[in-house]
Amino acid sequence: MPLLSPLLTLTRVSRDFDVSAPWLNRVIERQPRRTLRAVDDVSFEVAGGETLALVGESGCGKSTVARLIVGLYAPSAGHVEFRGRRMQMIFQDPYASLNPRWRVKDIVAEPIKLLGTKAKIGDMLMQVGLSPDDGEKYPHEFSGGQRQRISIARALAGEPDFLVCDEPTSALDVSVQAQILNLMSALQERLGLTYIFISHNLAVVSHIADRVGVMYLGRVVELAPAAELFTRPRHPYTRMLLDAVPDLGMSGKPRTPVGGEVPNPLAPPSGCAFHPRCPHANERCRREQPQVIDNVACHAVEERRINLAAQS
Amino acid sequence: MLLGRLWDHDLAWSFRRSPVTVAAAALTLACVGAALLSPWLAPQNPFDAAALNLNDAFKPPAWETGGDPAYLLGTDNQGRDILSTIMYGARVSLGVGLASVLFSLLLGVSAGLVSGYFGGRIDAVMMRIADVQLSFPAILIALLIDGVARVALPSDRHDAIAIPVLIVAIGLSTWVNYARTVRGSTMVEKEKEYVQAARVIGRRPLAILLSHVLPNVLGPVLVIATINIAVAIITEATLSFLGVGVPPTEPSLGTLIRVGNEFLYSGEWWIAVFPGVALVILVLSVNLLGDWLRDALNPKLR
Amino acid sequence: MILDIKNLRVEFPTRRGTLVAVDDVSLGIAPGEVLGLVGESGAGKTLTGLAIIGLLEPPGRIAAGEVRLEGRRIDNLPHEELRRVRGRRIGVVFQDPLTSLNPLYTVGEQLEETILTHLPLSKSQARTRALSLLREVGIPAPEARLHQYPHQFSGGMRQRVVIALALAAEPSLVIADEPTTALDVSIQAQVIALLKRLARERGTAVMLITHDMGVIAETAQRVAVMYAGRLVEIGPVREVIHSPRHPYTAGLMGSIPKISARRDRHLAQIEGAMPRLNAIPPGCPFNPRCPRRFERCLVARPHLVPAGASQAACWLHAAP
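Residue numbers (the numbering used here), protein chains in the order written: chain A, 223 to 534; chain B, 9 to 310; chain C, 213 to 532.
In case anyone wonders, no lab produced these hints; they're calculated from the structure.
Idealized CB from N, CA, C, for every residue including glycine.
Pair ranges (Cβ atoms, derived): (1) R296(C) - P447(A): 57 to 63 Å; (2) L230(B) - S253(C): 28 to 34 Å; (3) Q513(A) - G192(B): 44 to 50 Å; (4) E199(B) - T340(C): 43 to 49 Å; (5) R129(B) - R296(C): 54 to 60 Å; (6) E524(A) - S344(C): 41 to 47 Å; (7) S253(C) - T453(A): 31 to 37 Å; (8) A242(C) - Q253(A): 51 to 57 Å; (9) G128(B) - Q513(A): 34 to 40 Å; (10) V241(A) - A34(B): 54 to 60 Å; (11) A243(A) - V196(B): 19 to 25 Å; (12) K335(A) - G128(B): 28 to 34 Å.
Please build the complete structure, drawing on both the sequences and the hints.
What follows is the structure, given as structure tokens:
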């Protein structure tokens, strides 16, 4: 039982996007208004000092959740409560996340000037493994991995206690990814940071997360401590995701054949969004959306129709 | 050392590579220099009535029979040295051209930034205004604004106001091009993560627009602007030729051509032809410079 | 050998000197075999693929070496002939299915056009082939799908269509450049399985270019590892993954995150970064980052030598 209240709480957060055609087209072609529900009734908490990972494939809403947390979007329903001091964000694309016309020192200095923090530019750069001289250069003079380091330095210059990381290593080579992940772990320990880590890569997440939330079509379908999720996945989608991770160990382990694709979020299936691809779907799954019970949203788990023996 | 670095820069290198561009640059520099420094360089101030000598009227160019080496390109009906009138005229043409482009840039870039960044109603309204305006030819718009100004303002102020009105008229006829380009680029940059990072840090939208987005969308616009200087000069020349441009006390190249037109058929061809040639040379060199600038700034061609 | 590359060298003349993007690469692929070409960005693997199919963008060019397809040299063919060979004997699958297909033509039209260009068939025969190709790549209800446009397919389905297109003229070699990188993980698995099955059933040689070792582990029989334009290790997949002989390969395998029950925060990492093409150090290009380097590595460039069941370009394995 945590003694302190959680640093971040999301309560029944939803976010809709209006994807209707422009007004003129709608009037002339008599098209209805269309709404995309990118995040649907999501609730979870993040405790101080931990790393919560959100994983899922395209269209699952994890990036939207990141932006809802940080305030780039406002929730259409529910609310986001942040009890920490400051939040910063690290983005996926190392080439688009730094202004190409600004020098590195100005990029890192921006939060210092705006927020009045006591950080020093040179110290920030050294903390991420760069040299203070790099401040004079422009972003295009750096490699992808170095740019992510600059992004991290910029985020740290704001003296945050909470960092939202949106796929920070997805665009990097494998060896560079290892460096950045190690850096982020070290910084977390040294500075006592709390992370929300968004990723589509389960293997990466297994190295950095304390707890993992699995998202599908805007909903959190399972949330569990990392060790549990990877050894005893409960939701059929989690199992499918784990199965789909290429087996580097080449153990020749038989894998459940994966079927279908993520449906169009504009026209989600009825009932449980996963039912068209689920080997355990029954009539109830087609009609009714499962509620989150014990951190899993699945009828088959609730009705004990799935064998929950450990998968290794 | 800085000069050395400039020389080595990619821009300077592609510049040096093309002899056409170097020639164009030299020509433009000569024209612009001559125009701007006309009060000191010109052999005569043709608009100072006291300096004129009516006996020297209608003198042909110096190399023709009857010509006078003091008046290299001949004189007009009032004894004005054509070379001097061209230099003074070019000054007015260039001045109006540059000023109107600057005005247009200011208006168009601001509109484009706001439209692209905030979207929604503001964008819809602005783009509809732009669409409507684009269905009129630029000259017509300039004529319209000029005409309205003439009616609205007291007649004794006409001459003094004429040039600013002209600048505004030409400027208003072309702002849409910049606005659209900047709007498109802004919509692209807005989605980029460095803008989102600035929002997360907490910067206000205006600050983000000016310090983050503007430097990244200005590139293509500057190229259009350079080429538009030539267009502005021609627009002004056209308007002046039609008689609704600059006041006769400060003639531009267009005015000179109009004035010279009257004497074309009586044999004094030089009064119209030389200002005409000067206009062509000025516009051509500015265009060539603009061409090079566009290619040099295009990263894909490098 | 369907594909046989010897000492391939790709250069880019720039005003600051010539950059060597692919340096002395030799490899071969047998019928029905999937060879993985693995490396990080800038290692030269995509350029190797482009050099084979003759799609290098100038000023890049093949400066040395030869590329043989079914015994016949193709790197020195005139444009027209190379174009015919490329369509008929080599199929290509690129990374982004969205841009590989023409959005203005139906899938059926694109398939039939390719078939008719390269095979002496009638229109109706081409139509039948197109249908059977779609079925082969696992697209349900192909009769209806034939008349649909690329944007009406999902990402994974589009990539299957691209594979069908690559196979349309019955090529003997398929080059796939990051075919699964833009796809979701669950679709990746499907496309990988498809490529494997097709290679096996049709006897096509497949060159699978990717940065993802996991995909290679599932799909390929042999793998070649590239670094700074050079081939540093080549061998059977099991060998290279479990017993890497080159320190770079070992470092690479160590830095790949793997799911394990035991939560291991720290990933093995290789210090530094791959050198840019204009700053390749003398001797072995990996030496500044290599934990096992010695004097010879700094001055002499190693070539591929036998090392266990694989080959590695490393002085640790060369006879003294």
